[in-house]
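Q: Please work from the sequences and hints to get the whole structure.
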Amino acid sequence: MSTTHEFQVGEPVHINGLNIVCNVEKELGSGTQGKVYSLISPDNSPLVLKWYFPSMATNEQYDILESLIQKESPSNRFLWPLALVNTPKKEGFGYVMSMKDSRFKSFSLWLSRKINPSFKALLTACFELVQSFHLLHSKGLCYQDLSLNNIYFDPENGEIRIGDTDNIVINGEDKGNVIGTPKFMAPEIIIGKTLPNTQTDLYSLAIILFYILFLNHPLEGKIESSIKSLDLPSMSKLYGFEPLFIFDPNNDSNYPDPAFHANAIIFWNIYPDFIKRIFVRAFTNGIKDPMHGRVRETEWQITLLSLRDSIYYCKQCGSENFFVPDSSVFEKLTIPVELGGNNSDFKVQNRSSNLEEIQSNSVCWNPQCKTLNTHILNIRIDDRLFVALNHDTKLFLHHIDPDHKYDFSSPVAEVSRHPTDPRVWGLKNLSAYPWKVSKVNGDVIEVNLKQSFSLVPGTQIDFGRSKGIVCY
Amino acid sequence: MTLPGGEISKRELHFIWIVDCSGSMRDDGKIQALNYAIKEAIPHMQKESENNIQANLLISALKFSTGAQWIIPPTRINEFKWTDIEAKGETDLGQAFLLLSEILHIPPMTERGLPPVLVLLSDGQPTDNFKDGLDKLLSEPWGRKAIRVSIAIGEDANTDILQRFIGDGERQPLLARNPESLTKYIKWVSTVVQSASARPKSQQKYYDGSISNVDIPKPPEMISGATDVW
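Heads up: the sequence lines are chains A and B, in that order. Going by the numbering used here, the first residue of the first sequence is number 15, and it counts up by one from there. Going by the numbering used here, the first residue of the second sequence is number 409, and it counts up by one from there.
Calculated from the structure, these hints are not laboratory results. Where is the CB? At the ideal position from N, CA and C, for every residue including glycine. Be a bit skeptical, because a hint or two may be false.
[Claimed, not checked] One side only, chain A facing chain B, incomplete, derived with CB under 10 Å: (1) Phe133; (2) Ser239; (3) Pro436.
A: As C-alpha cells, this is what we get:
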C-alpha cells in the first residue's frame, strides 16, 4: 500500500528549481508537519526533502516557502529552503534544503550528557546562535518556533546549524502554521495575548541559552518539582500564567530544588556575576515587559564573548574556569550597566555562602581539585575587554579593531612558546600590520608578522586600532 | 575535561500496552500482525526517546483474555523486548481495567511524572463487566490524566467501548482494517503520542479548541483505497 503523499526508497524526485532529478535514499523522520527524506543527488551534494502532510500543505505555507527561496539565507548556519518541489503524482508539495553534516549534534545529547563539549565550545555555540538570530531579525524576519529541537552544534568547536527554517516569516505578518514549542514559547503567547514575533523569538532564545549553560529550564524550580503530573494545564501555569525565574532576586519561592535541579545550582555558582545579571534581567524584566524588557541579541553577543574570553585552565587539573579581574579593574571596564556592568541594579542571588570567596580567590570548581589560581595572565584592551591568555588563546580582529566587532574570520595573534626556553610565553603577530610594543623598561620594539614578544606583565602593545596591556 | 553537573533531571513516563488476546484474535493472523507491529515500532520508539530531554520512558504491557495479567513490568526502552503473545479465551476487558487501576496512583507511580500513555488494542466485544472496571480506572487521578488511545483491530471491534475508554469528544478510536494500517498506527502511538507527553513539539496555530491534558498531533493520514484483509 502506498499513499499519495509519501515517497518510497529510490523514487525519483524532480527538482525543477535546481534543474536536477534526485532519488529518495531513505526516510529520516516524521514530524508534526511532514516527513523528511534524504536524497541522492547527481553531484552527491547532500540534500534533504521535506514533504508536508496534506493538512499542512496550505497555500500560506507555499507562499512562505516561495518567499524564503527568493530571499538569500542570512548565513550558512541556516538550513535554508533551496527549491520547492511539486509533482502531479503526489498530494501537496515539499521543498529541498541542504543536509547538515553528521558532526552537528542535537543539544539534547548535551543535556543528556551523552557528549562532552567544553565551555568554550558551548559558549561559541551560544554566540553563534545569538549572532544568527540577530542577522535574521535584522532582515525583518521572525523564526516563530525556536526550540532545542531545531538547532544543532558541533561539540568540538561550537559551530551551529539551524533547521526547520520553513516557518520563518516577515515579522508581524502573522503567517504560518505554528505558535511555538511548549517550554520555549513566550508567556504572552501561552496566555493568548499575541502570536509569535521577533520579541517572542528573543524570549525563546534566552530559554535556549539558559538550557545550554545551566542544563535546567529557567522556570523549573521548587514549583515544578511540586507538580506530580506535568500536564498541559500545569504547564500553562508554570510557563505562561505564573512564570517565575528560579533565581529571581526578589522572590525565592521557585528556587531550584536541590534534588531535581542540582545543575542550576552548580552552574550558578561557577559563572561570574556579569553573566548571571543578564539572565536575571532576561527572566524578570524580560517576562514583565515583553516589548522593552528583553535582552537584545547585541547585548547577549558582548556578554557571551566576554565570558568566553574569560576562560582559563586551572593550573592543577586543567579544568576550564572563568577569570574576572579584581573589582578595581573590572569597574574600569566600560561594560555598559545594562549588560550587567558593575553599577547595575540587578542583584544576583547567591545562596552559597562561600561564593564570593570562590570568585575573588579563583578557586577551581572541580570538587576533586579546588586549587587556588591566584595569577592568571591576561590582556586588557582599551579598557573595553579583557582576554585570559592560555596556551591556546588566539586574538581576532574582534579584539583589536573596534570597527570589526565579531570578526572571527582569521586570527591576528596567538599565544606562543619560546623556541628554546619553554618557560617563556609570548604573543605572536599573525597579522600583516606591525605592532609597537613598549617594554616595562621603556624600550619600544616593533613586532612584525610571525614574530613574538614576551608576555611580561606591564608590557603595552599598540595594535594600531587599539592598545593592550599585559596583566597578571 | 568533563564539565560539572550531570544529566538534566527527567520525569518518569509510563507507556502501557493493553492487549486483547482473546480467541478471536487468532482469526486472520490478527495476533501475529499485532506481535509484528509492536516489534517493528521498538527501534522507532528508541530513536524518539533518545532525543528526549524531559522523560525517562518506561514501557509495560498487560494482556487480557480470560482474566488479565501483566506480561511486561515497567522496562526502560533500551532494554524493552516484546515476547510474542498467543490468543485464546474470553475478552475480559473489565479485568484489564481493574488491574490497570491498581497501579495508577502514587506509589507505585512517581511523585514527579508525566501523564501516562495507555494504549488499548482490541478486536471485539468485552465478555465481562467492563463498565465497573472503566469507572474504577477513571476514578484514579492518573487514570483520568492519562493519554488514552485505542486501536480497533478490524471492523468487528466495539468502537463505542473503545471511545468510552478514550473519553468523550476528544479523539476517536483508530480503526486498523489491515496489518499495514495496524503497523502504522502502532508506530504512531509509540512515537508521536509518546513524545506528545514527553518531548514538547511545535504547536499548531489552529487547533480544534478542545482542552485536553496533552496536545496530541493528528493521527497518520492515510488513504482508504487499500483492500480490507480482515
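Q: Interface hint check: Phe133 (chain A), Cβ to nearest Cβ on chain B, cutoff 10 Å. Holds or violated?
A: Given a least distance of 7 Å, the restraint on Phe133 (chain A) holds.
Q: Is the interface hint for Ser239 (chain A) satisfied, with its Cβ closer than 10 Å to some Cβ of chain B?
A: Ser239 (chain A) check passes; min Cβ-Cβ to chain B is 6 Å, inside 10 Å.
Q: Can we keep the Pro436 (chain A) interface hint, with Cβ of chain B closer than 10 Å?
A: The hint is violated - Pro436 (chain A) has no Cβ within 10 Å of chain B, the shortest such distance being about 22 Å.
Going through the hint list in order, the structure does not satisfy hint 3, though it satisfies all others.
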